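**Q** Protein chains in written order, with this note's numbering: chain L, 4 to 415; chain B, 59 to 387; chain X, 3 to 458.
Hints in this document: simulated from the structure, not taken from any laboratory.
None of the values given here were measured: they were computed from a predicted structure.
Beta carbons: idealized from backbone N, C-alpha and C, even for Gly.
To give an idea of the interface, some chain B residues facing chain X are shown, with a C-beta separation under 10 Å as derived from the structure: (1) Asn284; (2) Glu285; (3) His286; (4) Asn314; (5) Asp342; (6) Leu344; (7) Asp345; (8) Ala346; (9) Ser377; (10) Leu380; (11) Leu383; (12) Gly385.
When the alpha-carbon atoms are kept at most 30 Å apart in a straight line, the in silico BS3-like pairs for lysine-lysine are as follows: (13) B:Lys97 / L:Lys193; (14) X:Lys125 / B:Lys312; (15) X:Lys407 / X:Lys257.
Cβ-Cβ distance ranges computed for the label pairs, FRET-style: (16) L:Ala61 / B:Gly245: 50 to 60 Å; (17) L:Glu36 / B:Gly245: 45 to 55 Å; (18) B:Lys362 / L:Gly180: 29 to 39 Å; (19) B:Val356 / L:Ala61: 46 to 56 Å; (20) X:Arg362 / B:Ile256: 31 to 41 Å; (21) L:Gly180 / B:Arg258: 39 to 49 Å; (22) B:Ala60 / L:Glu336: 54 to 64 Å; (23) B:Lys97 / L:Pro277: 51 to 61 Å; (24) B:Val356 / L:Glu86: 51 to 61 Å; (25) B:Glu108 / L:Pro277: 45 to 55 Å; (26) B:Phe341 / X:Gly455: 53 to 63 Å; (27) B:Gly245 / L:Glu248: 45 to 55 Å; (28) L:His85 / B:Asp79: 19 to 29 Å; (29) B:Gly132 / L:Val217: 34 to 44 Å.
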Amino acid sequence: MAQSKSSAATKKKASGSADGGSKAKPELPSKKESGELLETMMVIRRFEEEAGRQYQKAKAGGFLHLAIGEEATIVGTTSVMHEDDYLIGTYRTHGHAIARGTDPKRVMAELFGRVDGTSGGRGGSMHIFDLERRFMGGYGIVGGTLPLAAGLGLASDYRGEDTVTVCMFGDGATNTGNFGETMNLAALWKLPVVFLVENNLYGMGTSLERHSAVTNLSEKASCMGIPGERIDGMDVLAVRECVAEHVRLAREQREPTLVEAFTYRYRGHSAADPEIYREKQEVEEWQRKDPIESFAGRLVSDGAIDEEEIAAMRERAEQIVLEAVAFADASPEPDLDSLYDHLYVVGEQVPGWYAVDERSPDPHPGEEERRAGERAQELAERGAAYAGPGASRRREAGGDHPDPDARPEDVA
Amino acid sequence: MATLRMREALRDAMAEEMRGDESVFLMGEDVGVFQGAFKVSEGLLDEFGERRVRDTPISENTIVGMGVGAAMAGLRPIVEIMTVNFSLLAMDMIVNHAAAIPYMFGGQVRVPLVIRMPGGGGHQLGPTHSHSFEALFLQIPGLLVACPSTPADGKGLLKAAIRDDNPVIFIEHETLYGSRGEVPDGGDHYLDFGEAAIRREGGDVTIVGLLRMAETAQQAAQTLANEHGVEAEVIDPRTLRPLDLDTILESVAKTNHAVIVEEGWPHGGVGANLAALIQEQAFDALDAPVQRVTGADVPMPYSKRLEQAAMPHSEHIVSAALASLEGSV
Amino acid sequence: MDVVMPRLSDSMEEGTVLKWLKSVGDEVAVGDELVEIETDKANMVYEAPDPGTLVEIVAEEGATLAIGEVIARVGDAGEVPSSNGDGAGAASEDGGAAPGAAEGGGATPPAATTDGASPGRVKASPIARRIARDRGIDLAALAGSGPGGRVIKSDVERAVAAADAGGGTGGGPAVVSATPGPPPAAAPAAASAAPTPGASEKPETAKGTAEVVELSKLQQTVSRRMAESKATAPHFYLQAEIDMTSCVDGRERLKASAKAAPGRVSGPKVREAGGMPEEAAPVVPTYNDMVVKACALALREFPRANGAYRDGRIELYSRVNVGVAVAAQDALVVPTLFDADLKGLRQISAETRALAARVRSGEITPPELSGGTFTVSNLGMYGVSNFHAVINTPQAGILAVGELKQKPAVVDDEVVPRHLMGVTLACDHRILYGADGAQFLARVRALLEEPLGLAL
Chain L
4 MAQSKSSAAT
14 KKKASGSADG
24 GSKAKPELPS
34 KKESGELLET
44 MMVIRRFEEE
54 AGRQYQKAKA
64 GGFLHLAIGE
74 EATIVGTTSV
84 MHEDDYLIGT
94 YRTHGHAIAR
104 GTDPKRVMAE
114 LFGRVDGTSG
124 GRGGSMHIFD
134 LERRFMGGYG
144 IVGGTLPLAA
154 GLGLASDYRG
164 EDTVTVCMFG
174 DGATNTGNFG
184 ETMNLAALWK
194 LPVVFLVENN
204 LYGMGTSLER
214 HSAVTNLSEK
224 ASCMGIPGER
234 IDGMDVLAVR
244 ECVAEHVRLA
254 REQREPTLVE
264 AFTYRYRGHS
274 AADPEIYREK
284 QEVEEWQRKD
294 PIESFAGRLV
304 SDGAIDEEEI
314 AAMRERAEQI
324 VLEAVAFADA
334 SPEPDLDSLY
344 DHLYVVGEQV
354 PGWYAVDERS
364 PDPHPGEEER
374 RAGERAQELA
384 ERGAAYAGPG
394 ASRRREAGGD
404 HPDPDARPED
414 VA
Chain B
59 MATLRMREAL
69 RDAMAEEMRG
79 DESVFLMGED
89 VGVFQGAFKV
99 SEGLLDEFGE
109 RRVRDTPISE
119 NTIVGMGVGA
129 AMAGLRPIVE
139 IMTVNFSLLA
149 MDMIVNHAAA
159 IPYMFGGQVR
169 VPLVIRMPGG
179 GGHQLGPTHS
189 HSFEALFLQI
199 PGLLVACPST
209 PADGKGLLKA
219 AIRDDNPVIF
229 IEHETLYGSR
239 GEVPDGGDHY
249 LDFGEAAIRR
259 EGGDVTIVGL
269 LRMAETAQQA
279 AQTLANEHGV
289 EAEVIDPRTL
299 RPLDLDTILE
309 SVAKTNHAVI
319 VEEGWPHGGV
329 GANLAALIQE
339 QAFDALDAPV
349 QRVTGADVPM
359 PYSKRLEQAA
369 MPHSEHIVSA
379 ALASLEGSV
Chain X
3 MDVVMPRLSD
13 SMEEGTVLKW
23 LKSVGDEVAV
33 GDELVEIETD
43 KANMVYEAPD
53 PGTLVEIVAE
63 EGATLAIGEV
73 IARVGDAGEV
83 PSSNGDGAGA
93 ASEDGGAAPG
103 AAEGGGATPP
113 AATTDGASPG
123 RVKASPIARR
133 IARDRGIDLA
143 ALAGSGPGGR
153 VIKSDVERAV
163 AAADAGGGTG
173 GGPAVVSATP
183 GPPPAAAPAA
193 ASAAPTPGAS
203 EKPETAKGTA
213 EVVELSKLQQ
223 TVSRRMAESK
233 ATAPHFYLQA
243 EIDMTSCVDG
253 RERLKASAKA
263 APGRVSGPKV
273 REAGGMPEEA
283 APVVPTYNDM
293 VVKACALALR
303 EFPRANGAYR
313 DGRIELYSRV
323 NVGVAVAAQD
333 ALVVPTLFDA
343 DLKGLRQISA
353 ETRALAARVR
363 SGEITPPELS
373 GGTFTVSNLG
383 MYGVSNFHAV
393 INTPQAGILA
403 VGELKQKPAV
413 VDDEVVPRHL
423 MGVTLACDHR
433 ILYGADGAQF
443 LARVRALLEE
453 PLGLAL
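Go ahead and model the full structure; you've got the sequences and the hints to work with.
**A** Spelled out as structure tokens, the structure:
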């Protein structure tokens, strides 16, 4: 009880300062651009709601972390990035991929663990990835992306390219060792990276003031040479304006910075979160500043878009998400013989090594031929709990695989 | 053929690959101005400059992570970790990221990264600088693991590792840095991963030894021949992932006896793994249980006397081989 | 056929090839002069042990090799020299274990059938099982020579060879059972061949069924040498009863003082490093160790007892090396305590234990079995009060030690309990005569009855 009360109090303080930090209202972008911002947020919202439903229907497995409420931070950020800029994020990144242009069908298929998923069913909800759109991944390790982002920035720097890496992570990640290590290195080497904290006030169930001695996260890297700025992460235009400036600093001045966006997830940490650490009332308070409703309201009041158009957008978002579910449902399960696919790169560019499936003494047969998979299939069909027996089948020269042609008595 | 020290052979491998491929660069703690804690990168800063030979802060996880990120973006980083013990600070990046990324993202991206690190005992560096973690890395699918024991292998495998599109853990041995050996001339000396070397042929017992233990195993084989009339076949696997199990199994099929020697710890070690593979796949070839010779099951002590006692020596290998052959000769 | 570095003197451990007297390709007959070898004592000409063509010279002139190492190969003309270990393995079997083989006493016949510890399941190595299955050999009928009686590849191969030869020429400890029961799953060679004097078909006789046990190489050596010894060395025996009371008292005190120190737990199966600098655990010498020490001191004083009769001459040795007979490997082997007169009791005790352990584990090496100048054999632990041992020729004598037991004795005209031990010294009368032997034995006895001398 006491904890809930104190975290609610923190929320007020924190959100208050976020409001206080916002400047004059940003200009509306063009009607087309505004519509895209709104519609993308709507698609993400509907996608996340539907993902939650499909999870409850056991179509999606594992953990499911929904970003409902955080759409403005996501879309505001991606809307100012170049196509060849890198984005890298957390385990709550269905929306980030969609905002970068990944087809929601493929994201949903990944949640379903199907072959048409972004990672062919190997990654799941926490590990969405789309190289083509330079969405460099969702990751299940808190803080693990910071060094990777610095590495992406290093590659741009090394090649003399003007691409920028935006690294989005949660408030909890600022407590990892990587945060200190990476901020120091990024500042030391002047890497073109924008670090963006999606501060949703909780690291899982631990509230900000219970997990971080410095609650102004934008200042948390200043001693490492990384200046920071706080913004209202519920206001897509504020995010957009602020991030655009930081991306420019990174691109043009090689100045890495830290942006702290105040935002809020309406749902629990994951689908399995009973939310005992916060008051219902706190959630409702944040919902009143809902990023989609407030932006839609401004567009209507400014006369940029009318209610009819908004309804059409909602309808399109609904269709997109339903199609995504249908697509995911229709997508096949991965073949068992693909179990070893993509574990190693095997090809001409590699000077001659071959992988060995140590369950057999034979060289791993490569991309085309997967006898290991045959065995896995066989076992799976027999109801084996897993497809990894310590079997020595190949040495036994066909003992396990009688040649059907060599059984003439069956022919008669 | 030129006679080179291991450290020189490794440096040449890096220098040659860096000359040939602009995307190859080296980073690590004190690899530049200091020229490497073990002087493996001697001269590289002078030749390639600070852009390609980068001194880093002491931030192992981030250094390796940056290597992963840069590799995902298409570069071919070589990251030097000062000793294998420090690699534990980077295990998150090695296991959760480098090894997993190509697979968990469905093959969309590659991680052509080489992580070099020296290990092994014998220099009185105590329990934080002297261990052998081949087994830790061997366990991780997605990684390649090399453990060369000669300068020629060091060069050939490192050049191959740099060209490989997979993350490679390249384990060097501190004691071997100064060892000399013949190294083929020219820049095209590449060794395939997954090919063991038969260091000595023999028909009585198979001895598998890696890194420095490949050399110690050969000494033991000499003693076995001279004093016991036992002809041992000594195999240096050279890479543990992929593992040239065929060569080992063929040898065991011939000798019916196997001894595995490593500097690392006994539980869950390279020897434990190989013993399991041999009994799974060559059970009917065995005439005696597979013997293991390992480092002692303790953190490496400082005292020279204790440290030597904690490391396998030729005598241990001889007695393991004779125990395996009990009744046979 | 391998020609191995021969043992050309009793103290020889290695030899140097001086000159090959035949060239590769030459025909050699048994007895042909083959090679000149320098031993620690002399340059000797070694004659070809097997007939055939000299197909390979393995040890070049000037090379120094241990006894038992291959120096050349003799075979059929055109045979390809092979460098694999088959030959070497066999060679060390020939040259290795034999030198220390000595008189019988502790040897037990090989177990005839299954390991008693696990009835119904024969202990056999995987490859032994596979060969047995392929060749229709009944594993239960084989005696294993591996650890704990495990049937290993070489056992089965001997049985296969025996079966292939109709059962006549199998070497080694293969036991082919003729006990009625389920016949071997497949013994085609034996079944279809004409009756042979093979081991596999023994008719029932008045003695019941007969089990034929082939001798191992070691057992063959033991039997040959023991027969030679008894046949050629004129044995005579000197018996004495030694009052060991002072030794018993002394040992009790040592035991009490050692009790405080903790013992070592035996090492793990995995050969982890760590056992190398073995710390001296507190060792309490056994009575046998005391006997060895007493003999060693007495041998120093009686050179004839520390000598050998060889080819019509007497050799007197400068080192006192006492062999201690150990029953193991279904035979008797005699590891050597070198310079036993110079070593303290503790060291003798520790070394003896280590040697015995190495004998039992099969790790003992030929050098550790050679070079003895006298032998002590002890059967006291079996309750034997006294016995006559066979001399390990060419040594001059062997001391047989019986049980140590409290018995009534007369001391200062009173009957008192004393710890008495019966011993018998067997002497080769060609070197050690009655009076010499008696004086030597008296000295051993004096040293044991006043054991302070042993500690010096």
